[in-house]
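A.B. asks: With these hints in hand, go ahead and build the complete structure from the sequences.
2 protein chains.
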Amino acid sequence: MNNNPIGIFDSGIGGLTVVKEIRRILPNENIVYLGDTARLPYGTKSVDAIIQFSLENAEFLISRGAKLIVIACYSSTSVALEIVQKNLAVPVIGVIQPGVEKAVELTKNRKIGVIGTSLTIYSGAYEKAFRKIGERCEVLGKACPLFVSLVEEGWLDHPATERIAQTYLGPFKEDNIDTILLGCTHFPLLMQVFQKIMGKINYVDAAREVGTMVAEELRKLDLERGEQGGDLAIYLTDLSMNFKEIGERFLGEPMRNFSRITLKGK
Amino acid sequence: MNNNPIGIFDSGIGGLTVVKEIRRILPNENIVYLGDTARLPYGTKSVDAIIQFSLENAEFLISRGAKLIVIACYSSTSVALEIVQKNLAVPVIGVIQPGVEKAVELTKNRKIGVIGTSLTIYSGAYEKAFRKIGERCEVLGKACPLFVSLVEEGWLDHPATERIAQTYLGPFKEDNIDTILLGCTHFPLLMQVFQKIMGKINYVDAAREVGTMVAEELRKLDLERGEQGGDLAIYLTDLSMNFKEIGERFLGEPMRNFSRITLKGK
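First to last, the protein sequences are chains C and S.
Residue numbering for the first sequence follows this note's numbering, beginning at 2 and increasing consecutively.
Residue numbering for the second sequence follows this note's numbering, beginning at 2 and increasing consecutively.
For the record, the hints were derived by calculation from the structure and aren't laboratory data.
This structure is a prediction, so every number in the text was calculated from the model and none was measured.
Do not take every clue at face value.
When chains are identical, the list treats them as one kind, so a pair holds in a single copy or across two.
To be verified - Distance condition first, Cα-Cα at most 30 Å in a straight line; then the derived BS3-like pairs of lysine-lysine: (1) Lys-265 x Lys-87; (2) Lys-103 x Lys-133; (3) Lys-109 x Lys-133; (4) Lys-129 x Lys-245.
C.D. replies: So, in structure tokens, the structure goes:
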């Protein structure tokens with residue numbers, strides 16, 4: 002038993018979808034969330050920079066007493082998960098492995114598409130995750146950086162969004178994939194556009210699977226909260242113009258308790 | 002006479018278009034450029050954050066001996082120019098005023114459109130600049146954040162780019178404007194798309210006017226370089242995947258001398 006909070010970080014506020022799922026499955030746990038909004042996006046930056054940012058974020062959550070850390074950012078999980086794990090004494094869970102396990106469970110023809118930021122796709126992290134669980138699948142990765150901006154602009158059903166999705170996803174149809182991994186926190190909001198272009202195939206949003214994995218891990222390590230809780234504290238490194246409106250879209254409930262925090266660089 | 006370099010900073014590498022113009026007009030001057038690529042973009046972040054970043058950038062250039070500083074970033078000029086000027090002993094030039102003066106010179110019907118990032122448009126900096134020079138114009142501002150991502154993705158002539166430009170610029174046609182200020186370093190690369198939608202009106206890219214203004218200021222203050230020079234040193238806070246390719250597109254020549262630098266936060 003451990004009454005400390007779960008720590009979750011992301012490059013911005015997209016990771017609040019992961020918070021939403023964890024709160025659904027573990028309503029009694031306290032959560033501390035850190036969104037590095039001053040330095041977002043992570044997906045167009047260098048591996049070195051993201052490793053440094055990720056270690057700083059994790060350190061902040063540890064200073065707030067986190068008993069387990071979830072990296073809700075796919076770009077950060079892609080290049081920094083192992084280094085953060087090595088540097089911390091608490092368990093650290095990323096968003097890639099849970100999604101990969103779900104995709105393997107769903108696919109029939111073992112042809113799987115992965116969409117994400119440039120960093121996530123070029124890192125090869127998904128291919129590595131498939132190899133790790135010993136699954137032989139044809140994995141096709143496609144960097145889709147504009148999807149992030151379109152979601153942030155709120156153009157979820159603009160004709161341009163569909164046109165851009167056609168360019169990005171069109172080739173997948175010829176590859177005959179039957180499952181797509183949504184490898185970025187923002188992408189589930191474009192689900193309707195994806196379905197319009199790709200039709201009825203499997204779409205994996207890892208947020209749900211991460212929630213289940215966190216619950217299992219807490220039980221296994223006897224880290225579950227023993228008293229009443231359910232608090233959520235949100236820290237952001239910058240409070241930009243529409244953060245609350247967009248944040249609540251991801252979180253699915255009002256953002257009540259949030260603060261701006263300046264991280265100490267290394 | 003002063004042989005020190007001119008210092009220029011931007012949120013990323015788009016400011017290299019300003020470098021290009023200054024090198025064209027003042028080929029003998031040495032230039033130190035700082036691109037804050039680790040924290041870009043600036044245009045979607047808070048006023049406070051951009052002021053802090055701008056002061057840190059200026060301080061770095063001063064530490065490299067800058068005799069005059071150019072803020073090549075429109076978002077940063079919009080909200081931080083006056084504070085940077087107050088904090089420094091050297092002259093500081095932004096990118097907004099030179100463009101506004103040019104627009105006033107060109108417009109016939111005094112109806113002027115301004116496009117930029119959300120931060121630039123919502124700051125009201127352009128309206129303020131028109132008032133400052135005592136010009137009564139109808140100024141119509143439009144935040145166009147997706148243009149930045151489209152240029153970075155290199156989709157200069159994708160059908161989606163035109164579709165997005167139609168949504169952003171369409172209303173300007175009804176407003177009957179005869180001049181558009183391109184209020185972001187990335188936008189001149191989309192000129193062909195703008196012309197397709199808006200036709201033959203005046204387009205003001207301030208980079209050129211900034212070069213002229215810097216030359217005048219150096220002459221006025223007797224800060225011109227007296228010996229042979231023409232060196233360009235480029236510092237970036239992150240070296241991301243395509244920075245060199247995109248950078249050279251802006252600079253118009255090969256990037257020979259560049260380094261990664263980590264700024265000390267306050």
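A.B. asks: Would you mind marking each hint as holding or not holding in the structure?
C.D. replies: Now for the hints, and whether the structure bears them out:
no. : hint              : verdict
1   : Lys-265 x Lys-87  : both (21 Å within a copy, 26 Å between copies)
2   : Lys-103 x Lys-133 : within (14 Å within a copy, 60 Å between copies)
3   : Lys-109 x Lys-133 : within (20 Å within a copy, 67 Å between copies)
4   : Lys-129 x Lys-245 : between (36 Å within a copy, 28 Å between copies)
The structure meets every hint from the earlier list without exception.
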